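Protein sequences, first through last, are from chains A and B. Under the working numbering, the residues of the first sequence are numbered 286 to 446, in order. Under the working numbering, the residues of the second sequence are numbered 286 to 446, in order.
Among the hints, erroneous ones may be present.
[Claimed, not checked] Simulated restraints on C-beta separations:
(1) A/Arg389 - B/Ser325: 20 to 26 Å
(2) B/Val352 - A/Gly306: 35 to 41 Å
(3) B/Gly404 - A/Thr320: 34 to 40 Å
(4) A/Lys430 - B/Arg318: 26 to 32 Å
(5) A/Pro300 - B/Ile387: 39 to 45 Å
(6) A/Gln421 - B/Asp391: 36 to 42 Å
(7) A/Thr302 - B/Arg443: 39 to 45 Å
[Unchecked claim] Below, in silico cross-link-like pairs of lysine-lysine (DSBU-like), each with a Cα-Cα straight-line distance of 30 Å or less:
(8) B/Lys351 - A/Lys351
(9) A/Lys350 - B/Lys434
(10) A/Lys351 - B/Lys292
(11) B/Lys351 - A/Lys292
(12) B/Lys332 - A/Lys332
Derived from the structure by calculation, the hints contain no laboratory data. None of these values were measured; they are calculated from a predicted model. Just so it is clear, CB atoms sit at the ideal spot from N, CA and C, and this is done for glycine as well.
Number of protein chains: 2
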Amino acid sequence: MERIVFKPIGVIHSPFTEPKGTPIQPAASRGSRGTVEVFSEYAAGLKDVEGFSHIILIFFFHLIKKVSLIATPYLDTEKRGIFAIRGPGRPNPIGISTVKLIGRRDNILEIENVDMVDGTPLLDIKPYVPEFDLQQEFSLGWLEKKIEKLPRAKDDGRFAP
Amino acid sequence: MERIVFKPIGVIHSPFTEPKGTPIQPAASRGSRGTVEVFSEYAAGLKDVEGFSHIILIFFFHLIKKVSLIATPYLDTEKRGIFAIRGPGRPNPIGISTVKLIGRRDNILEIENVDMVDGTPLLDIKPYVPEFDLQQEFSLGWLEKKIEKLPRAKDDGRFAP
């Protein structure tokens with residue numbers, strides 16, 4: 286299989302207009318409000334989504350110009366493999382973020398803890414289900430000693446200068 | 286933006302040769318072993334991944350023939366919006382699963398709790414970090430009363446007959 290072609294199903298609106306200064310994860314963006322605009326042809330797929338308190342947004346890091354297999358993550362000073370970090374400069378620049386779902390008006394979802402740049406193309410929405418996504422015991426590799434920096438961590442523009 | 290083009294970075298090998306009978310989530314597949322083969326041109330990106338006990342695999346539901354905005358999920362008997370369920374027949378057929386990482390030999394990752402069909406194209410690997418992905422308080426909509434069925438839930442072939 287050579288190529289996989291997707292189409293945006295919507296767009297994410299956020300208070301962050303450029304990568305620099307954007308929170309690097311929802312946990313670094315508590316309280317930041319945004320909206321998800323699902324294009325009208327896909328709006329029927331939103332039925333029942335409002336019952337979930339959180340949703341997983343799958344999106345395209347559309348501003349990435351450069352892919353690196355090795356990169357320095359926001360929370361570290363050492364270079365790491367791209368598959369051991371969450372930064373956007375990935376071979377397939379796909380992002381996932383679990384955000385709080387505040388409410389729905391037709392095809393518009395109001396969300397909180399937004400960590401995307403305004404205008405980010407949306408690929409998919411999945412309900413957040415801890416029974417599916419949560420692991421009880423885990424280890425965190427290089428992040429083990431860095432994670433306490435997370436709540437204050439902002440993008441410094443290193444992946445999309 | 287009209288189209289977003291990705292390329293597989295690898296392939297997932299699993300004991301499940303067809304959708305029918307495949308566990309519907311890693312939580313329904315405890316102990317099932319598989320491997321992730323990352324293509325050699327991307328192998329450098331695996332540096333440091335072995336420090337993490339769990340990884341999030343992002344993959345393409347390549348067997349899906351039919352997309353439906355409304356579908357009956359495996360764990361329910363009522364039709365729900367596709368963005369309120371995890372089933373594969375999505376506008377962009379992207380799957381995410383958190384699996385246990387047993388070990389790495391060069392470009393091969395040995396994994397446990399596999400819920401993909403053998404031969405599934407891999408799009409991305411991210412480290413599992415509960416501080417990023419876990420929510421402390423949540424509600425589960427239609428799934429609230431169905432979730433206890435999860436450990437025994439298998440694909441009955443409804444999305445890829």
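Structure-based check of all given hints:
1. A/Arg389 - B/Ser325: 20 to 26 Å: Check failed, 45 Å falls outside 20 to 26 Å.
2. B/Val352 - A/Gly306: 35 to 41 Å: Since the Cβ atoms of B/Val352 and A/Gly306 sit about 37 Å apart, the hinted range of 35 to 41 Å holds.
3. B/Gly404 - A/Thr320: 34 to 40 Å: Because 38 Å falls inside the window, the suggested range holds.
4. A/Lys430 - B/Arg318: 26 to 32 Å: holds, 31 Å
5. A/Pro300 - B/Ile387: 39 to 45 Å: For B/Ile387 against A/Pro300, whose Cβ atoms are near 41 Å apart, the range 39 to 45 Å holds.
6. A/Gln421 - B/Asp391: 36 to 42 Å: violated, 30 Å
7. A/Thr302 - B/Arg443: 39 to 45 Å: Holds - the Cβ-Cβ distance for A/Thr302 and B/Arg443, about 43 Å, lies within 39 to 45 Å.
8. B/Lys351 - A/Lys351: violated, 34 Å
9. A/Lys350 - B/Lys434: violated, 44 Å
10. A/Lys351 - B/Lys292: Since the Cα atoms of A/Lys351 and B/Lys292 sit roughly 16 Å apart, the hinted pair holds (cutoff 30 Å).
11. B/Lys351 - A/Lys292: holds, 16 Å
12. B/Lys332 - A/Lys332: violated, 41 Å
Checked against the numbered hints given earlier, this structure breaks hints 1, 6, 8, 9 and 12; the rest are met.
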